[in-house]
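J.: Sequence:
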Amino acid sequence: MYLLDTNIWLELLLDREHAHEVKDFLLSVPSEMLCITDFSLHSIGVILGRLGSIPVFCDFISDLVINGSVFIIALKPSQMNSLVEAMEMYHLDFDDAYQYTASLESNLRLVSFDRDFNRTPCGRCTPADISRDHYSLSE
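In the UniProt record's numbering, the protein residues as written are 1 to 139.
Derived from the structure by calculation, the hints contain no laboratory data. In this text, a Cβ means the ideal position worked out from N, Cα and C, and glycines have one as well. Just to be clear, a hint being listed does not mean it is correct.
Unchecked claim - Just the calculated beta-carbon pair ranges, DEER-fashion:
#1 S28 <-> H91: 29 to 37 Å
#2 V56 <-> M89: 33 to 41 Å
#3 S78 <-> S131: 29 to 37 Å
#4 D59 <-> D24: 13 to 21 Å
#5 V65 <-> D24: 20 to 28 Å
#6 S82 <-> D15: 33 to 41 Å
#7 V84 <-> H42: 13 to 21 Å
#8 D93 <-> L14: 29 to 37 Å
#9 L27 <-> S53: 21 to 29 Å
Could you build all of it, start to finish, from the sequences and the hints given here?
T.: This is the structure in structure tokens:
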């Protein structure tokens, strides 16, 4: 299963440079295998709200979480020590440490365009990496 970082969702929602890569990934992986953190969900709401794109946020929630099968992952207060350790050990900011800790605690593969995760033992993969893996397995 995969934990998609905030930037993955925003690429598609804001039609950024890697939007097609994200779209291809989302079409190739069943939604039951996808997760988002509560932190990412709230961050996306803040960003889309500031951009005046509340309808896009409502559609996002409806499509992926309410009507879809994307799981929401939340860290417990008892896991915050692990988050702080990740911040200090790997020089991550809070939001990256949240994603990293959530992926570690939930045994999920972290999907992100953020290279900061390359400093962690688990690293990260991009949507294209996973699409390539799926393609090579089907050959």
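J.: Each of the hints needs a verdict: does it hold here or not?
T.: Do the hints match the structure? See the list:
1. S28 <-> H91: 29 to 37 Å: holds, 33 Å
2. V56 <-> M89: 33 to 41 Å: holds, 36 Å
3. S78 <-> S131: 29 to 37 Å: Holds: the Cβ-Cβ distance is about 36 Å, inside 29 to 37 Å.
4. D59 <-> D24: 13 to 21 Å: holds, 20 Å
5. V65 <-> D24: 20 to 28 Å: The hint (20 to 28 Å, Cβ to Cβ) holds, given that V65 and D24 are roughly 21 Å apart.
6. S82 <-> D15: 33 to 41 Å: holds, 35 Å
7. V84 <-> H42: 13 to 21 Å: For V84 and H42 the Cβ distance comes to about 20 Å; the hint holds.
8. D93 <-> L14: 29 to 37 Å: violated, 21 Å
9. L27 <-> S53: 21 to 29 Å: holds, 22 Å
In the structure shown, a violation is registered for the earlier hint numbered 8 alone.
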